[in-house]
Every structure is written in C-alpha cells, then in structure tokens.
Amino acid sequence: MLSLIIFLPLAVAAVLAVVPVPDRVARWSWIGATVADLALVVWLCAAYESPAGSGLAFEQQVRWIPTVDSSYHVGVDGLSLPLLALTAVVFAACAVYGLREQHRPRALVALFLALQTTCLGLFAAQDLILFFVFFDLSIVGMYAAIAGWGTGRNAGRSALQFFLYTFLGSLALLLGFIGLFLAADPHTFDIPTLVAAAPLADAPVAGGFVLAALLVGLAIKTPTVPFHTWLPPAHTDASAIGSAVLAAVLLKMGTYGFVRIAMPVLPDAWQAAAWVVIAVGILSALYGALVALAQTDVKRMIAYTSINHMGYVVLAVGAAGLAGSGTAARELAVTGAVTQMVSHGLTTGALFLLAGVLHDRTGSYAMRDFGGLARTGPVFAGLFGVAAFASLGIPAFSGFVAEFQVFAGSVGATAWAAIALPGILITAALFLRAVQLMLAGAPGGRSIGFTDVRAVEVVPVVTLLALSLAIGVAPWPLLDLIAPAAEAVVGLVSR
Amino acid sequence: MTGLLWTAAALPAAVGALLCVLGRRADRVAPGVGVGTAAVVLAVSVLVALDRPVTEVPFLPGAVFGLAVDPLAAVVLPAVAAVTLLVLVFSAGDVSGARARFTGLMLLFAAAVVVTVTASTLPALLFAWEVMGATSYALIGFRWQQEHRVGAGLNAFLTTRTADLGLYLAAGAALAGGAGLALDELAAAGGPWLHVAAAGVLVAALGKAAQLPFTAWLSAAMQGPSPVSALLHSAAMVAMGGYLLLRMAPLLAATGWAATTAAWVGALTALLLGAVAVAQRDLKQLLAASTAAQLGFVVLGAGVGSVAGGTAHLVAHASTKALLFLVAGAWLSALGTKQLAALRGAARRWPLVGVCAAVGALALAGVVPLSLWATKDAVLAGARHESLALYVVGLAGAALSAAYAGKVLWLVWQQLPADPGYDTEEQGTRRVGVLEQAPLVVLAAGAAVLGLLALPPVGDALRRLLGESGAASPAVWEMALSAALAVAGVALLASGRVRGLSWGPLGRWLSGWLGLPRLTTVLVVRPVLGLAEGLARFDDAVLARVVRGAGRGALRTAGTAARFDDSVLDRVVRGSASTGVRLANAAGRADEAGPDAAVRSLAAGTRRLGALARRTQTGWVHQYYVQAAVVLAAALALLLAVR
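From first to last, the protein sequence lines are chains R and H.
Using our numbering, read the first sequence as starting at 37 and increasing by one per residue.
Using our numbering, read the second sequence as starting at 8 and increasing by one per residue.
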C-alpha cells in the first residue's frame, strides 16, 4: 500500500513522458493522480495506529543490494506520516494551481509527478541508501523545475547554484551514511537496525565526525544560517508551484533527517553537539527574521521567513538533546518541531502560490510596485492577509500550535532558547509591513487594473489555509499522531 | 452548562468568521446579526456566571484547553458581554460601509475576550490573548484606505505582542519549574522559574493594559473607529491586562517582588498618564491617556492584593469609559471633530448625549456618589495598607483624573459659539440617532451606580465571593478626602485658572505622551530596522559572495586541472603511445617474426584511451561534480570490497 502511494505518481509520470497526450489531458491527469494519491494517504492516516515504541507501521522490505545490506525498506510512524500527508496535499494543490500552466504542460506534469515520488519515497524510506537516492533525485527534479519553468531572468543560474550547493550537501550526507555503515557491526544501511544498535556510542571522536557530516548535509538542505544563500535566489527565480514545493516539502527533508536519522542513530554525539544545534537554531531564527524584514521583494521576504521558521525546528531538536533537562519539555519541543514542519508547509505553500499570482498579473514581486490591492484585488488581499497572519503564528492557525510547543518545550529545556523569542515578533512586523505596503492605502502602481484571483488559484490556497486553520483549532488529531513518535525520539536520543 | 460556556466562546467566533468571509454580501444583515449574537452571548454569560461551569478539551500533549468560570470571571464576563452588546447597538447606527467586516471582527474579538476571561490554562489564555491582538490590529486599521490607520494597528499589535512574549516565556518556565500549564498552578513553579513565570505574566499584562513603558500604542490606537475604542480600550483588550494581574495576584505575591512592582507601575501610570490626559487637546487622546491611568488603579489593586477593589474598578471603569468613547464617537460622526476646542458647547446640541457625557465625566472625576469614587478608594485603601508613598501617588493620580474630567465637562457645556470649527477630521452628519443614544443611557446608569460593587453590602459580598477577607477597606476620612479632591480638581479646571497657563516644555512632554512614541522609534524601531538592513547587506555582499566565490574558485581549479590535463598528462599519454609505437617498430624490426599485430593494436588502444581522457574535460562544473560522485561511489565500492 505504502509503495503504491510512493510510486503511483511516478507511474503516471512515466506514461505521460512517453505518450504524447494533449495538454488538457496531461493537466487533468495530474490532478487525477495527485488527488488519488492524496486519497490513499488519507486512507493510510485513517488506518494508522501508533506502533509501540519506535516501531513502524505499513512496513515493507524487499531485497535490493544485499552485498551492503541495503534493502528497499519503507514504513511510516508519527514522524513521517504527517510529512507524507503534507507532501500529498501540497502536490495536489500545485496540480490545481497548475491548470493554467501554458509552458510545456505535459513535461511539467511528468516532472512534478516524478518529484512527488521522490519526496514521498524519502519520507517513507527506512534505509540510508534509499533515503539518499530519493534525496538526490529530488534535487535533480527541482533543478529541472527551476531551470525549465522558472520565472526569473536568472533562473538557469539560480537553478545551477541550487543544484551544486544542495548536491554538495548530499555528498556530505553520503559521507556520514558511509561512516554509519562502517561503524555498524554487522555493516548495514538499514535505519531501524542502526537506531537499535546506535553505533559509535563509545567512539566520541568518530561519532562527532560522522554527525558533523550529517549536520552539514542536512543544514544545507534545511537550510540554516550560514548555509542558506542558495535559497533566496532559487525561490525568486522559481515558478509559483516550484517555490511552493521547494519550501513546503523539500526543505522538510533536511529537518526530517534530524529526527529520523541524526538524533536516534547518534544519541551520544547529538547530546554532545546539542548546544551547537541550539545556537544554529537561534541564529537562524533571528537572522532569517531580520534579513526578511529588510527585503523589498515579497518573494525573497517569504524565502527568508522560511529560514526563520526552520530555525525554530532546529532549536527544538537541539533542545531535545539536552539529556539533563525535563523529559516532558523536550517531548513537547520535538512534537512542536514536527508540527512546525507541517505548519510551515501549509502556510508558506499558500504564501508562495499567492506571490505567484502577483507575478502572473504584473511580472513583479517588488512590494513598492503595489499598494491599495485591497481595493483592486479584495479576495487576493483577504487571502494574503490571512496567510500572513497564519505564517506569523497567530492562534487558530497551525503556526501558533507549533511555535507555542517549540518555545514552551525549548525554554522548558534551557532558558537560553528564549533568545529566539523576538523572532516571532520580527516575523509579525515584516508580514504586517508587507500587508500595509501592498494592500492598504489608495491603489497605485501595478495595483491599478489588477485582476483578482481566479478559481484555480483560490482553491489550492484556501485548501492549504483551511488545513492550517483546522490544525490550529483542533490540533489533537495531528498531535496524537506525532506525540508518541516524539516521545520515542526523545527516549532514543537520551540513551 | 459546559455546553453553554463553549457557546459563549464559539458562537461569536463562528458568526464573526462567517461575516468576515461573506464580506459585502452580508453588509445589510450584519448589524442585526451582530446585535443578536451579542445578546445571546450576554444571556449565556449571565447563566454561566450563576452556574460557574468548568470544562476542558484536549489541545496540546500534556496541556489541555481549559475554560472555567470562577468568581472573578463570573463578575467580569457579564460586564464585558453587556458592553459588547451596547457598543454593537451603537455601531449599528454609527458605522457605515463594510459593516459585515466590522461586525465580524468585533464578534471575533468578543469571542477572544470570552476565552481570555474564562481561560484556566496557559495555552487557552495565550490563544485568546493573541487573537485579541490580531483582531485589534484589524479593527484599528479598519479604514485601510488610509494607510496611516493600518500603521497605527501595526504599532498596537507589535507593542502588545512584544509584551505577549512574556506568556511564551512563562509557559516554558512553568514546564521547566514542573508546575504544569494550569494558571492556578503557576505559583507552584520551583526555584528561579517561579520568578521567570511571574515576570513573563507581569510583562504581558502590563503591555495589554497599556501601562508604562508600553503606553504609547494606545495613543496610536485612537486611529480606529470610536466604537472600537469603546470596546477595546475600555472594557476588553486593555482591561484584560488588568484582569490577568487580578487573576494572577497569588503568583505575583508569591515572588515577593512582582506584586510590589505591579503596584508601583500601576500607581505611576495613574499619575503620569493622568497628567498626560490633562495636557491633551484631542478628546479621544485624552480618553486614551485616561484609560491607561485608570487601568493603573486596577494594576495597583492587583499589586496590593486588593482584588475585589480592582475588579470593581475594572467593571465600573468599563462602563464609564465605554460611555465616554461612544459619546466622543457620536460627536465625531455628527460634528466631524474630536478636537476639544471645536467641541465647545457640543453637549448642548443633543442634551441627552450631553447629560450622559456629564455623568461619565463626573464618574471619571470620582465625584460622590458616582461609581469610580468608591471603587478607586477601595484600591487606594489597599495601597495605604501597603505603603504611604504608594497611597499618596495613587491619590495624586485620582486628583488628576478629576482635573482632566473637569476639563472635558467644562468645555462641552460652554455656550455654543457661533462658529465652533467643526469637520476637522471628516464631514459630520449633524445627527445622532436613537441607536446611538440608547446605549449611552444604559452605560451612564452603569457609570452612576456600579460603585455599589465597592460599597457595603454589595462590596462585602463581592469580597467574600472573591475569597478576600483580610484586605483593608477604606476609612470614612479616606473616602471624604478623595471626594473633596475630586470636587477640587473639577472646580480648579473649570475655574479657568489652570487652563490658561502655558506649561512650556513640561506641557509639550505631557501632550506628546511623555515622548514615548519617539523613544520607541529611536530605541527600538530604528535600531532593529538598521540591524535588519545591515544583516541583509551582509547576507548579499558577504555570505552569498563567499559561496559564489567558492564556486568560481572550483571552476578555476577545474580550468587549471584541464590545462594540466591537456599540456602534461595528455602529452605523457601521447608520448607513451608514440613511445609504444616506436618500441613496437623497433621490436618489429628487431624481431620480424614477433606478434606485430598485437603490439599495433595495443598502441591504438592506448591512443583511444588518451582521446577518451580528453573528452571528460568539458569545462562544465556540474559534470565535474558528477564525476566526483562517480569516483566517490567507486571509492565506496572499493572500500566495501576491501573490508
């Protein structure tokens, strides 16, 4: 079942890549495939029961490269299932948004469906080689999406920079994986086996080096300061759906790697490095927010807020490594971190789709080009305002649930975490400043004659925001899913 | 009954959200729907105040979303619901244009207030607390067509959210201190965490209550419509700051310093903002400063443990100040001005409005027997019990409230001048309708009689209800002294002696809200924006360039390697190939019978290899990466094979 979910998009992509169907058919089959996949994921969530301890549900294991004990091993738990669901939702939203795509739609559909498979596969992977393969393929897919369908003038250049930088990160990751493989006895790439064995527990130096390789690889992908410079140009030059997928799903691969691999497999090294991770998290949260505040381009601004939001996640997983502090607080922090991954995906996905509307109508992302959009595009203004508030973590939306847990948990683990608190204030300032500049006042500049959002743009944005609202009002269905897994991770990292 | 409690919160939230989503389509029905909803909420509030249900639902792991009507909430909840209803009735007559959005936001705000009043856990409190802030932003910036109004909302939201960070901190401290996230358990937090939690709660409450040093946002918030001020800046949002401190008084007292700090901040705010109010020339600005000053008495009450007095003052002030803000709104809509100079004699144009305004102003002045006289004295009695200095500062604040109230009262009851200079802000309608007048009468009645909450026998009942037996109650001479001060203050301002004085720099300092808006700009806004700009330049000019430089460096290295490849390695290969050929020829010549063909083919093969080696030098850096990956993979395979 899980494999069907993973490979259904790829199968449709393969057909579309070979059979020259009309564009209309291609677009609608995209929606069909993503919605079918989403339905399967919903079924998966409904049938899911939290496995005991750090166990897995819907597990599947097939021989693949037995010589290095690497297998096709997939399974889900409370860490991966929310991200699988997020992936399915975001790609379905992009499929609807993409109904108006005119530029080589068949190739675009095939590319995004293939990309979806790599994302789903990564979140389900329980084998390091499998994880790495999906990780690298997602970079290739995203490169093609930016270079081929990017809207910016420098799309090719930005795409190349994105590719090279994140590919470098994946090489570091591979180095770490090989280190884990060599340290395990018997040698294996199987994640649950590695988690149970916790190799390098008694080798602090080797463990430190392996963790450093993993951290660099994941930090580039997340991205955290100072490895983030590929992100703003990539977002600025990507298309709306490219940006949405990049921010909502691909960034999560980095943070997911922390909780799935780095923390449970290398508990001692993680505890030793916890303060470094916390410092990087605090730095990313504050630096990302401050630099975002200074942006004049709305898309670059949203991109920098991603660094801020991911900073909270890094802070929380770092605080989880402080083995001496209260367990309840650290569990809350990890639950908050995973919630933040989902929340950021929903709200930032919506924001990037809305930024795409601006570019589609006017060819500009510069905030000063707009003003008074609330008059000429009232629906757009309403959606952007709601998305901004959702993203700045106002209660009743998912961001609050995530950030409250991250901060209550992290501060509960170490008072130093409170240094990052102004991040939520600066984020509020920059979003409301953007709202004021672009939406309020008398219409001027490119706001005049602005065509308000169309149905294919409203549906995906409203869907994403409605899910954020649902999580914000009734978070316990999601948290019941995450909390046991977070508990297990904290238990593992405290060994 | 728990269902009713949830109704009180969920009904206005749902109706409000629906109205906001429907937008202009619902403009016609919105006022009616809003008033109806508020009426239901009021009825439900009264019912739950009598029954006092306690309820909770799962929210976060280990932290429920709890609502409870305790005695304190039972007093405040109906009061807030009543003011909400009256303000919405007034708005039905006063607010035109985008009525659905206005009513929807007001209802959303009301829902947040209901949850704030009844919250029994920190997540529930912070949830509602921040929604209050967000809706207040949208309400202050309601007329978004004028950008500065949205800016004022931004100012208010950011200032109060700065203070709100205290609640996030308090939540972390509660967890670290092992106290859990229930509000009444916070005082059980262990060690230094108790102090962190108390400090967080204190800062959050002071920010919402517009106490020093957070006061400036309240001045900017006057850019919002008057009914918004009447609800947010009298009975609800600002009052909720005072309410939180009343509710958390045991936590403040447990620290040994937080209660004293709160008391002094409250007393000083009452004094300084009272002086600010005296110096204002704009009616709404005067009322705003007065709100901060009056909330100072509530905060003082919480600080000195006079919870019943503080509660009575909060409720009485809600009615009084809502009344005065609505009067200001009625005059602003009708006469197009809120400048005190232009409002000379305004009370005479609509006598009913004028009489209500007089009742409100006299109550605000603390004139016997109106409400704030008695409630303020209940607070001041607690202050005197605590420290004489605190009492004197509070009493001076009380005298100043008499002064600014007297100033308003005297001005608006002057003879109507021939050309008062109306329409300084907008074109007035020159009419005040029934819907606008009716709520004034109810609120004026409240402003007159709510002092009973602080006087026996009702006052004693309230004290018993709030479980406060030992607190000091005012002596007769104290009440007489404050009454005399009130009359003297009103008379002094009314006599005209003080009004004519030029106050010089002190006057400018006071009329400019103690320079607080400027201080905020200089000390907070500009440094943060400057830091942001600097970091953004650093990001572009240094970090991004380092990465690009590294990329270029890699390209240069690749170029060098390619040249080395062409000029050295390739030549070696070619040289070895030709050497091979020569060797072969030599061997052929030397040994005619040798395997000549085999040697030839070896030479040719080597030449082909040389050509292949040249083909990899494409100059494309990504292809070099692919090669790097292949080599790494090969290395991996080799490693695996060896081990």
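These are computed hints drawn from the structure, not numbers from a lab.
Mixed in with the good hints there might be a few duds.
[Said to hold, decoys possible] Here are the computed distance ranges between Cβ atoms for each label pair: (1) H:Val531 x R:Ile484: 34 to 44 Å; (2) H:Asp547 x R:Leu40: 25 to 35 Å; (3) R:Pro240 x H:Val638: 22 to 32 Å; (4) H:Leu57 x R:Ile484: 55 to 65 Å; (5) H:Arg533 x R:Thr487: 50 to 60 Å.
Beta carbons are placed, not taken as given, at the ideal position from N, Cα and C, and that holds for glycine.
Hints, one by one, checked against the model:
1. Hint check: Val531 (chain H) to Ile484 (chain R), Cβ distance near 35 Å, so the stated range 34 to 44 Å holds.
2. Remark: the range hint 25 to 35 Å for Asp547 (chain H) to Leu40 (chain R) is contradicted by a beta-carbon distance near 46 Å.
3. Between Pro240 (chain R) and Val638 (chain H) the beta carbons are some 30 Å apart, a value that agrees with the proposed interval 22 to 32 Å.
4. With their beta carbons about 57 Å apart, Leu57 (chain H) and Ile484 (chain R) fall inside the hinted range of 55 to 65 Å.
5. Evaluation of the 50 to 60 Å hint for Arg533 (chain H) and Thr487 (chain R) yields a failure: the beta carbon distance comes to about 38 Å.
Of the numbered hints listed earlier, those contradicted by the structure are 2 and 5.
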